[in-house]
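Number of protein chains: 4
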Amino acid sequence: MTNEKIKRIGVFTSGGDAPGMNAAIRAVVRTGIYYQKEVFGIMRGYEGMIEGDIVKLGARSVGNIIQRGGTILKTARSKEFRTKEGRLKAYNNLKKEGIDALVAIGGDGSFTGLHYLTEEFGIPAVCIPGTIDNDLTGTDYTIGYDTATNTAVEAIDKIRDTALSHNRLFFIEVMGRNSGYIAVNSGIAGGAAAIIIPEETMSFENLMTLLTAGEGSSKKSNLIVVAEGSKIGGATELAKKVAERSDYFDIKVTVLGHLQRGGSPTYFDRVLASKLGVAAVEGILKGQTDVMVGIRNSKIVYNSFDSIINHVHEIDQESLRIAKILSI
Amino acid sequence: MTNEKIKRIGVFTSGGDAPGMNAAIRAVVRTGIYYQKEVFGIMRGYEGMIEGDIVKLGARSVGNIIQRGGTILKTARSKEFRTKEGRLKAYNNLKKEGIDALVAIGGDGSFTGLHYLTEEFGIPAVCIPGTIDNDLTGTDYTIGYDTATNTAVEAIDKIRDTALSHNRLFFIEVMGRNSGYIAVNSGIAGGAAAIIIPEETMSFENLMTLLTAGEGSSKKSNLIVVAEGSKIGGATELAKKVAERSDYFDIKVTVLGHLQRGGSPTYFDRVLASKLGVAAVEGILKGQTDVMVGIRNSKIVYNSFDSIINHVHEIDQESLRIAKILSI
Amino acid sequence: MTNEKIKRIGVFTSGGDAPGMNAAIRAVVRTGIYYQKEVFGIMRGYEGMIEGDIVKLGARSVGNIIQRGGTILKTARSKEFRTKEGRLKAYNNLKKEGIDALVAIGGDGSFTGLHYLTEEFGIPAVCIPGTIDNDLTGTDYTIGYDTATNTAVEAIDKIRDTALSHNRLFFIEVMGRNSGYIAVNSGIAGGAAAIIIPEETMSFENLMTLLTAGEGSSKKSNLIVVAEGSKIGGATELAKKVAERSDYFDIKVTVLGHLQRGGSPTYFDRVLASKLGVAAVEGILKGQTDVMVGIRNSKIVYNSFDSIINHVHEIDQESLRIAKILSI
Amino acid sequence: MTNEKIKRIGVFTSGGDAPGMNAAIRAVVRTGIYYQKEVFGIMRGYEGMIEGDIVKLGARSVGNIIQRGGTILKTARSKEFRTKEGRLKAYNNLKKEGIDALVAIGGDGSFTGLHYLTEEFGIPAVCIPGTIDNDLTGTDYTIGYDTATNTAVEAIDKIRDTALSHNRLFFIEVMGRNSGYIAVNSGIAGGAAAIIIPEETMSFENLMTLLTAGEGSSKKSNLIVVAEGSKIGGATELAKKVAERSDYFDIKVTVLGHLQRGGSPTYFDRVLASKLGVAAVEGILKGQTDVMVGIRNSKIVYNSFDSIINHVHEIDQESLRIAKILSI
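Chains as they are written, first to last, in my numbering: chain A, 22 to 349; chain B, 22 to 349; chain C, 22 to 349; chain D, 22 to 349.
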């Protein structure tokens with residue numbers, strides 16, 4: 022793979038951080054070096070690109086980071102990059118460093134920015150899906166989703182201990198933006214009595230029916246997992262409404278929050294990040310551009326940004342069906 | 022240790038659950054059997070005592086529970102037990118089962134109830150301190166505190182990953198009721214920039230000074246750990262007030278909540294619970310009553326309920342001093 | 022799904038235990054009940070079947086087990102079941118309880134036994150792949166593999182801490198019988214310098230070359246992950262041979278052993294086990310028999326025992342290629 | 022605390038690494054800077070001291086390390102330092118950097134070296150006890166012991182899952198050199214049937230009696246925890262001898278090994294390390310030298326090296342008594 026036109030590759034992380042981003046950075050850097058290219062890290066995403074905050078990365082500089090949460094390149098959101106002037110500034114900084122190709126690790130907001138940059142300046146670019154939300158079409162899994170779901174499940178397990186000891190009803194809110202992936206899978210794995218997700222229209226009345234079904238059901242401990250994108254209210258709101266309708270339950274709420282974004286990545290996220298990092302660089306060298314690299318049915322695939330941005334990664338209906346059977 | 026007057030010991034958990042309660046139950050049961058006594062589990066604390074929900078426990082029935090969070094005997098708060106009639110009903114149920122001594126595992130609310138029962142009916146009783154709050158005088162450590170603090174620290178570690186990636190300011194609220202123990206120690210261990218606890222009067226202005234000290238300090242990521250008993254506002258309120266005073270920070274809040282109550286206990290809590298469980302039964306057999314068993318400077322001690330109820334377990338001033346030195 | 026011929030389903034675990042087996046048992050029991058069948062648990066696999074150690078399971082009896090390692094039904098290997106007399110005894114016990122269909126959770130040894138029972142007595146049976154080894158064709162993943170690989174990676178992470186502090190060379194042996202799955206994926210995720218698996222013929226000389234390549238390489242810390250099925254020697258043997266050839270390295274060995282079999286299952290294994298448990302019962306009710314249920318490209322599939330027993334689940338060559346690029 | 026004679030403090034780690042060493046380094050550095058001293062890190066213990074491998078450390082250079090296992094200063098054993106010539110070379114390197122006081126983090130081997138250096142060259146030095154073995158008199162706890170014991174317990178919990186599923190007898194060997202601390206406490210916390218430690222002379226016959234007591238005892242799963250310093254043989258040897266005497270048991274062995282040295286430290290080890298780090302620097306500034314700083318009954322204490330080296334940290338007899346009561 023001796024693409025002579027590309028000598029220097031820039032890599033950066035953008036948008037919300039996700040466990041496994043460091044494993045992806047490591048893979049991009051080492052693959053670049055493996056193919057005798059130089060690799061540069063751009064700090065704080067588009068912000069650092071505009072400010073020219075760019076550092077050279079060697080094989081050793083990404084040693085001992087595969088197991089770390091967060092991103093050593095840091096990440097930020099940049100308003101200025103949404104303007105043509107901002108992107109021009111960024112491009113000039115890339116040129117100054119001699120960077121002639123880009124690998125971005127982030128979510129669909131990040132891809133949109135990169136799409137413009139590619140169109141406007143013709144610089145080859147490949148994106149790696151890094152977000153805990155698993156909300157990107159074009160890949161079965163995004164980097165960080167496996168870890169975040171396990172983090173949610175570990176928290177649910179702890180809450181179950183106390184719920185069972187007190188016969189309490191818990192509403193647990195998990196992340197995922199507009200996607201129900203984390204909620205559905207942490208809900209099944211956590212043995213939730215109900216799972217509330219944006220993709221499915223469970224009415225508040227359905228929830229009340231479910232909770233009050235069966236003689237003495239209020240005496241049991243129950244966990245309800247609520248996706249943050251829920252259309253019928255978040256965990257706090259739902260708990261309040263249930264409490265108003267019935268003084269029968271001892272109700273508590275936990276909003277898991279940002280701890281879902283951190284932590285040492287699982288093997289799955291590390292291996293996924295490693296594979297996608299290798300494939301991103303090899304894609305660049307083979308002439309891919311304006312694409313996201315993903316994994317479908319265990320195979321590497323490249324999809325155009327157009328086919329990904331603003332499309333929905335649909336939830337697996339079979340999972341929803343199973344959740345209902347098993348919560349009897 | 023052949024106290025012939027005591028043949029049957031009742032054990033129960035009461036108040037908020039804490040990791041290690043099962044290890045304490047196991048120790049009480051096995052020590053009772055070791056001294057050839059019968060042991061009975063009373064379900065859901067004083068509620069089960071009043072309802073007569075009592076089961077015999079054998080050495081095997083507490084097998085494979087030492088590692089489990091929560092309490093197999095469940096716990097509850099009972100209004101009825103606060104009345105003399107309620108306590109009479111409870112006492113009659115104990116008599117019916119032939120239970121002639123009690124071991125309670127819980128916090129100071131639970132001890133108060135037991136104190137009345139002992140006074141009114143003369144039944145020997147020893148308490149074991151089981152609460153994550155470490156808010157009991159008469160013992161260096163309560164069962165569950167070590168585990169809860171580690172749970173808080175693990176969550177803080179995860180949040181640090183994302184804080185560092187985004188240069189964010191996080192307010193993290195931890196449990197502890199009116200005690201700052203979990204906050205101080207998870208704050209030191211989590212490398213917090215500031216720790217807000219009920220025992221110390223840091224004003225909101227002090228906090229603002231600390232946050233804005235030094236050129237460019239707003240660019241750093243920072244973690245502030247807030248005890249739920251904070252007198253200057255909880256994490257959510259403090260974050261709001263800081264945001265109002267300065268648009269300089271990217272601020273997020275996480276209220277860890279009930280996940281701090283669950284989880285598999287640490288070795289420390291299991292060993293502590295084992296020692297206190299053995300000592301509670303041996304105390305009963307040696308004639309101790311109306312006391313809490315505790316550990317002070319690695320030695321078993323018995324203190325009267327009177328000396329414990331409504332007294333404060335003071336925070337270690339040295340820890341506060343150290344927290345300040347290390348957050349520079 | 023109203024298969025009137027099947028009224029009682031027996032479920033058991035067999036062979037080596039794997040994390041997630043309890044989640045599979047729970048799914049089988051609840052799905053059976055959902056379709057208004059009775060479900061019975063057969064203790065200790067074929068051993069309990071021969072001894073008639075069979076218990077009725079209700080929806081509640083599998084509550085609070087989804088998060089537990091091991092198997093509540095226990096498991097064993099049975100010599101007697103390999104004889105026709107043994108199997109007849111087992112079948113008669115099933116008949117006595119009115120059990121007219123079987124779901125087995127285990128590895129390919131277990132399937133062989135079931136295959137004979139089905140052939141000889143015509144009792145419908147479906148297998149669920151439960152083994153940490155991921156060595157079964159007919160499914161992308163077996164229950165327990167995800168958890169075991171994460172357990173291995175967590176151990177490797179801990180060993181890396183001490184390896185880096187001392188500039189040591191560690192040989193770490195992981196499980197997997199004749200399969201290199203755990204080794205390859207924990208090796209990539211653990212950032213191993215080399216991965217020795219049964220499927221690939223790396224000679225001892227290749228290993229020496231790799232270890233001694235580059236000036237001063239002996240000064241670096243390095244981790245070598247060795248699958249227990251390695252054809253050039255296990256971790257202990259390889260370490261000894263390297264030490265004999267060079268006094269240059271500070272070498273240590275860790276054989277992870279049976280801790281890889283236990284622990285609370287990951288979300289992935291719990292969801293996988295839940296899906297396969299539902300699909301096994303639904304398969305039985307739709308007339309499937311003599312098959313293993315699996316998951317291929319995220320879809321449920323049924324494959325005949327014949328197509329599975331004694332076939333090899335091939336290792337992903339792409340993973341091996343990536344491991345080499347990233348260990349530079 | 023304005024000791025004008027001391028301007029530059031050197032800090033290093035020595036001997037086996039232990040979780041929490043980084044927290045101690047951080048505390049030494051930040052406390053030094055707090056008192057307006059300069060702090061230098063000496064790499065790889067006495068080896069780096071002899072080679073002059075010394076780096077300046079600032080408050081930020083120890084940021085984000087409190088949670089990391091291992092030691093950023095690395096550690097090694099040095100033969101040369103045992104000679105007077107070696108120590109002279111080391112001292113000259115310290116002088117060259119203007120280092121006029123030392124803080125060492127390590128075990129008693131490390132203290133011996135420092136004792137000579139102080140005697141020979143008069144350089145003030147304080148030691149911090151950092152070893153997982155908890156084998157130092159003069160402190161209730163050494164840094165790393167709490168984490169290592171929890172690591173051992175987590176491994177034992179996993180092994181219990183598989184032991185219970187198979188009714189197996191497991192011999193689990195834990196670290197501790199000549200000390201039984203990790204074994205006793207992980208054994209109690211892990212619910213072990215027996216605990217074999219160097220301090221107590223349980224004969225092999227006693228062990229056989231214990232294992233074979235009671236009808237059908239061989240059918241139960243059992244865990245035996247063996248300290249590596251066991252006088253009647255390690256786990257592998259004991260398992261072999263038991264197997265020879267009885268074909269009744271299904272026996273397995275796990276030697277936990279070096280994973281006990283790594284991992285993120287618990288809150289306890291981080292707080293302990295922070296307190297000892299602060300106290301070491303403050304001790305130095307107050308004129309302490311040739312001492313180890315420790316914690317006794319929650320208070321900071323300084324003890325001369327003489328009183329520590331070659332003395333034994335005795336095991337708590339009460340713990341042994343409790344282990345026996347609870348394993349019935």
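Calculated from the structure, these hints are not laboratory results.
No experiment lies behind these values; they were computed from the predicted model shown.
A few of these clues could be false.
Computed from the model, here is a short list of chain D residues facing chain B with C-beta under 7 Å [what the hints assert, rightly or not]:
# : residue
1 : Ile87
2 : Ile209
3 : Arg291
4 : Ser295
5 : Leu347
Restricting the straight-line Cα-Cα distance to at most 25 Å, the calculated cross-link-like pairs of lysine to aspartate or glutamate (DMTMM-like) are [unchecked claim]:
#  : chain 1 : residue 1 : chain 2 : residue 2
6  : D       : Lys273    : C       : Glu258
7  : A       : Lys273    : B       : Glu258
8  : D       : Lys320    : B       : Asp121
9  : A       : Lys345    : C       : Glu303
10 : A       : Lys320    : C       : Asp161
11 : C       : Lys100    : D       : Asp268
Heads up, the beta-carbon is just placed ideally off N, CA and C, and yes, glycines get one too.
Review point. Within a Cα-Cα threshold of 25 Å, do C:Lys100 and D:Asp268 meet the stated pairing?
Key: holds (16 Å)
Review point. Do the alpha carbons of A:Lys320 and C:Asp161 lie within 25 Å of each other, as the hint requires?
Key: holds (13 Å)
Review point. Per the CB criterion, is D:Ser295 less than 7 Å away from chain B?
Key: Because about 6 Å separates D:Ser295 from the closest Cβ in chain B, which is inside the 7 Å limit, the hint holds.
Practice item. Below or equal to 25 Å on CA atoms is what counts here, so check D:Lys320 against B:Asp121. Key: violated (41 Å)
**Study point:** Given hint D:Ile209 near chain B, where the shortest CB pair must fall under 7 Å
**Key:** holds (5 Å)
Check your understanding: Close enough to count: is the Cβ of D:Leu347 nearer than 7 Å to one in chain B?
Key -> holds (5 Å)
Practice item. Verify the proposed pairing of A:Lys273 with B:Glu258, using a straight-line Cα cut of 25 Å. Key: At roughly 20 Å apart (the allowed maximum being 25 Å), B:Glu258 and A:Lys273 satisfy the hint.
Practice item. Verify the interface restraint on D:Ile87: the C-beta must sit less than 7 Å from at least one C-beta of chain B. Key: Cβ of D:Ile87 sits 5 Å from chain B, so the hint holds.
Check your understanding: Should the hint that D:Arg291 touches chain B count as held when the rule is a Cβ pair under 7 Å?
Key -> With Cβ-Cβ at 4 Å, under 7 Å, it holds.
Review point. Are D:Lys273 and C:Glu258 close enough, with their CA atoms no more than 25 Å apart?
Key: holds (20 Å)
Review point. Holds or violated: A:Lys345 with C:Glu303, Cα cutoff 25 Å?
Key: Answer holds: A:Lys345 to C:Glu303 is near 15 Å, not above 25 Å.
Of the numbered hints given earlier, the model fails hint 8 alone.
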